[in-house]
Amino acid sequence: MNFDDTPQEAEFRSLARAWIGANAPKQYEEELRKSSLGRTVLKNADILEVAKAWQKKKADAGWACLHWPKEYGGRGSSPIERVIWQQEEGPFGLLSRMFIIGHGMCGPTMMAFAREEHKRSYLPPLASGEKVWCQLFSEPAGGSDVAGLRTRAEKDGDDWVINGQKIWTSGAHYSDYGILLTRTDPTVPKHKGLTMFFLDMKSPGVEVRPIKQASGASDFNEVYFTNVRIPDHQRLGEVGDGWNVSLTTLMNERSAIGAAVSTGFPELFEYCSGLMLDDGPAIEDRAVRSKLANWAVKASGLKYTSMRAISALSKGERPGPENSIGKLVAGSMIQDVATYALDLQGASGVVSGEDAELAGRFQAMLLRAPGTRVEGGTDEIMRNIIAERVLGLPGDIRVDKDVPFNKIPTKGRG
Amino acid sequence: MNFDFSDDQKQLRDQARKFLTEKCSPKAVRIVLDGKASYDKELWKGLAEMGFLGVAIPEEFGGAGAGHLELCVIAEEMGRANAPVPFSSTVYLAAEALLIAGSDAQKKKWLPAIASGEAIGTLALFEGNGNPSPKNVKLTAANGVLNGIKKPVADGVIADFAVVAARTGSSGRDGDISLFLVDLKAGGVQVKSLTNLDPTRGQAEINFKDCKAEPLGAAGDGWSILTQVLDRAAVLCAFEQVGGSDRALEMGRDYALDRIAFGRQIGSFQAVKHMLADMYVSATLARSNSYYGAWALSTNAAELPEAAAAARISATQAFQHCAKNNIQVHGGMGFTWEFDCHMYYRRANAMALGLGSLTYWEDQLIDRMRKKNAA
Ligand SMILES: Cc1cc2nc3c(=O)[nH]c(=O)nc-3n(C[C@H](O)[C@H](O)[C@H](O)COP(=O)(O)OP(=O)(O)OC[C@H]3O[C@@H](n4cnc5c(N)ncnc54)[C@H](O)[C@@H]3O)c2cc1C
Numbered sequence: 001m002n003f004d005d006t007p008q009e010a011e012f013r014s015l016a017r018a019w020i021g022a023n024a025p026k027q028y029e030e031e032l033r034k035s036s037l038g039r040t041v042l043k044n045a046d047i048l049e050v051a052k053a054w055q056k057k058k059a060d061a062g063w064a065c066l067h068w069p070k071e072y073g074g075r076g077s078s079p080i081e082r083v084i085w086q087q088e089e090g091p092f093g094l095l096s097r098m099f100i101i102g103h104g105m106c107g108p109t110m111m112a113f114a115r116e117e118h119k120r121s122y123l124p125p126l127a128s129g130e131k132v133w134c135q136l137f138s139e140p141a142g143g144s145d146v147a148g149l150r151t152r153a154e155k156d157g158d159d160w161v162i163n164g165q166k167i168w169t170s171g172a173h174y175s176d177y178g179i180l181l182t183r184t185d186p187t188v189p190k191h192k193g194l195t196m197f198f199l200d201m202k203s204p205g206v207e208v209r210p211i212k213q214a215s216g217a218s219d220f221n222e223v224y225f226t227n228v229r230i231p232d233h234q235r236l237g238e239v240g241d242g243w244n245v246s247l248t249t250l251m252n253e254r255s256a257i258g259a260a261v262s263t264g265f266p267e268l269f270e271y272c273s274g275l276m277l278d279d280g281p282a283i284e285d286r287a288v289r290s291k292l293a294n295w296a297v298k299a300s301g302l303k304y305t306s307m308r309a310i311s312a313l314s315k316g317e318r319p320g321p322e323n324s325i326g327k328l329v330a331g332s333m334i335q336d337v338a339t340y341a342l343d344l345q346g347a348s349g350v351v352s353g354e355d356a357e358l359a360g361r362f363q364a365m366l367l368r369a370p371g372t373r374v375e376g377g378t379d380e381i382m383r384n385i386i387a388e389r390v391l392g393l394p395g396d397i398r399v400d401k402d403v404p405f406n407k408i409p410t411k412g413r414g
Numbered sequence: 001m002n003f004d005f006s007d008d009q010k011q012l013r014d015q016a017r018k019f020l021t022e023k024c025s026p027k028a029v030r031i032v033l034d035g036k037a038s039y040d041k042e043l044w045k046g047l048a049e050m051g052f053l054g055v056a057i058p059e060e061f062g063g064a065g066a067g068h069l070e071l072c073v074i075a076e077e078m079g080r081a082n083a084p085v086p087f088s089s090t091v092y093l094a095a096e097a098l099l100i101a102g103s104d105a106q107k108k109k110w111l112p113a114i115a116s117g118e119a120i121g122t123l124a125l126f127e128g129n130g131n132p133s134p135k136n137v138k139l140t141a142a143n144g145v146l147n148g149i150k151k152p153v154a155d156g157v158i159a160d161f162a163v164v165a166a167r168t169g170s171s172g173r174d175g176d177i178s179l180f181l182v183d184l185k186a187g188g189v190q191v192k193s194l195t196n197l198d199p200t201r202g203q204a205e206i207n208f209k210d211c212k213a214e215p216l217g218a219a220g221d222g223w224s225i226l227t228q229v230l231d232r233a234a235v236l237c238a239f240e241q242v243g244g245s246d247r248a249l250e251m252g253r254d255y256a257l258d259r260i261a262f263g264r265q266i267g268s269f270q271a272v273k274h275m276l277a278d279m280y281v282s283a284t285l286a287r288s289n290s291y292y293g294a295w296a297l298s299t300n301a302a303e304l305p306e307a308a309a310a311a312r313i314s315a316t317q318a319f320q321h322c323a324k325n326n327i328q329v330h331g332g333m334g335f336t337w338e339f340d341c342h343m344y345y346r347r348a349n350a351m352a353l354g355l356g357s358l359t360y361w362e363d364q365l366i367d368r369m370r371k372k373n374a375a
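Residue numbers (UniProt numbering), protein chains in the order written: chain W, 1 to 414; chain F, 1 to 375.
Hints are not guaranteed to be accurate.
Stated by the list, open to error - In silico DSSO-like links for lysine-lysine, alpha-carbon gap of 27 angstroms or less:
(1) W:K303 - W:K315
(2) F:K135 - W:K291
(3) F:K371 - W:K34
(4) W:K315 - F:K10
(5) W:K303 - F:K371
Stated by the list, open to error - So, partial list: chain W residues that the calculated Cβ filter (under 8 angstroms) puts toward chain F:
(6) N2
(7) A16
(8) W19
(9) E49
(10) L292
(11) V329
FYI, nobody ran anything at the bench for these hints, they're computed from the structure. Yeah, the Cβ is synthetic: ideal placement off N, Cα and C, and Gly gets one too.
Using the sequences provided together with the hints, build the complete structure.
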């Protein structure tokens, strides 16, 4: 039992460290470190531009999308090398957040299902950040139940004609391409009538409308499709096989194991270490200590759970569904931590933004946290995954499983 | 990175599980639970023969000299089996105290006897309400004799010897406390059995009256030795708690698959699924924290105090959480004496207190984290 690198890992780490040391945009390091929660914004620069520049630099030197094959813009690295890279990249990794969906989900789906010539032309600019991709799955009628979606794709000659609406699409407003899950046959049960495509977000008929989030930011969008034409060669997988294709996409989310999940705990501990309450230092208060200790062991538990997963990767094992616990635990923890930090501030905790304590870090965290518990699968869906795939409990009863889609009663929002 | 047990260690775990499944069935545990024996003597003998009691004791003192990672994997299985033997008192507390502070003669006398199963040891620290603290030690030592009462002392009724914390000064500092070794069979003590939450591991009150004792470690070093012993025991107990958590989760899962209500397996109800998923989450976090504790223990790392406190808190919470929800999953059955659920519930709650309560360990953790951050 040890935390040591193997000789190859150590060699890779020192290469990565040296390159990052010489090339990372250090002028943003402090700001990135401090804005690791809530929302990453740079005061005097457009974060998208900074992110694209860093990604391009990495790509040119062969450090982008490490685990992808070289011919598609990657490095052909092992999963463990990818983890080491993430560890070494540290706060600069936050810059890649706008590419997470493209790199983590769209890219792997293209790799598994696109034609070879498409892979060669679309993947390298995705890897290098020159082109940004988004994932068009969720709809008003289908989020957790994504197979309940209604966006129609109808064949017309060599094209497909798309009509419908997507929602919560992160980054659609600055994306160049997207992967799109549609319904091609409403007369069969819902999982059987889906088909996946990729498309140019600038195609005529695509309209992106930013949604203002609870946090006040606008990172996601509604996307409307009116007679949008997609050539058949941009279909991913067989007609009617979209569900399986989308599962591949979702499975790929899991392999980003090394990315440390934010829990808010280090920030809270640091805050309490310096904070004075009416009766003395917060860190000496019995109740505060008890709260901190409880969160401390959750944070360390997550950290060492991920180290166990990394050790398994290092031995060549594949990440399994048990890795779902990171987001599940961190999501509600960050929310509770933020709530508690504000409670400690008393009435002034209500003030947010630059005027607030620590420039409103905990307030920003509080307002972003609800999204963390929903995006990429809600807490409830995560618990289902653990219960069903790890513990082997029965699947939920699905009353619509064998019913043709157009016979299922549905009710979305609004 | 190789943050995992080795194949050999995993093999040892399988071996221990197989042995305990055979020799320590719930039926066997019940003999002690029902008060028909004070501990499982056959099992204790078997554990000695398997080399499990002395696994972390050096060969020169009659042990297997394997190490603490090996002890951790065995501890997990002891917890999983809910073994009704004085393993934690003897192996984690008494033996560790001897290893840390014993003279050569003391080690030669007691360690081989522990490894062979002939001697049961314990730690006599508590004196009624309160957590580990020098100021809660009132029992005095003077002129080689002890006077005072210890309570509760885990496995005190069956123990052959005890490591006793005593007051030897009045400066009001940690240096007032010294440790002593007492041969409990040599007289000078009155031992009374106490009923307790978990009858599978007994508790006693021991009254020391002019009882002869020999120093363990240097005079005035008692508290610092004790802190080390408690930290080491915290990691080892955490593995027992992790084993217990996993078993409770498994029992709950199996029952959820088996029991039918409203025409369905109760495991298909989401409230039940989610309860079990949450049990899995807490057990997993506890396991990971415990692995870190094991790493620190086995390498004697500077991180041990912090790692031990984290493992302790996490594993205590997980075992309590899993044990109580295992009963909930079982419904009314879970509340019967007949079902095994309460054995784990008892053990979880007794273990939560044995080395000092959660409050104590929370304090320890925060102090240690502060110290690290200041450094
Ligand atoms: C910040 C953010 C970014 C996002 N980015 C994207 C994106 O880029 N692309 C994209 O396609 N989508 C994106 N989403 C959408 C996201 O995947 C969905 O919001 C999510 O899957 C939940 O679906 P929903 O919003 O329809 O909620 P619903 O599915 O309507 O859920 C409502 C409530 O019902 C519960 N529920 C639903 N089904 C079950 C069940 N089977 N068992 C128990 N409880 C259940 C949920 O847990 C939740 O509490 C994003 C969402 C957020 C918040």
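Hint check:
1. W:K303 - W:K315: Between W:K303 and W:K315 the Cα gap is close to 19 angstroms, so the pair holds against 27 angstroms.
2. F:K135 - W:K291: 26 angstroms, holds
3. F:K371 - W:K34: Within the cut-off at roughly 23 angstroms; holds.
4. W:K315 - F:K10: Within the cut-off at roughly 16 angstroms; holds.
5. W:K303 - F:K371: Roughly 20 angstroms between the alpha carbons, so the hint for W:K303 and F:K371 holds.
6. N2: 5 angstroms, holds
7. A16: This hint is violated: W:A16 lies away from chain F, its Cβ roughly 15 angstroms from the closest one there, beyond 8 angstroms.
8. W19: At 21 angstroms from the nearest chain F Cβ, W:W19 fails the 8 angstroms test, so the hint is violated.
9. E49: 35 angstroms, violated
10. L292: 6 angstroms, holds
11. V329: OK, holds: W:V329 within 8 angstroms of chain F, min 6 angstroms.
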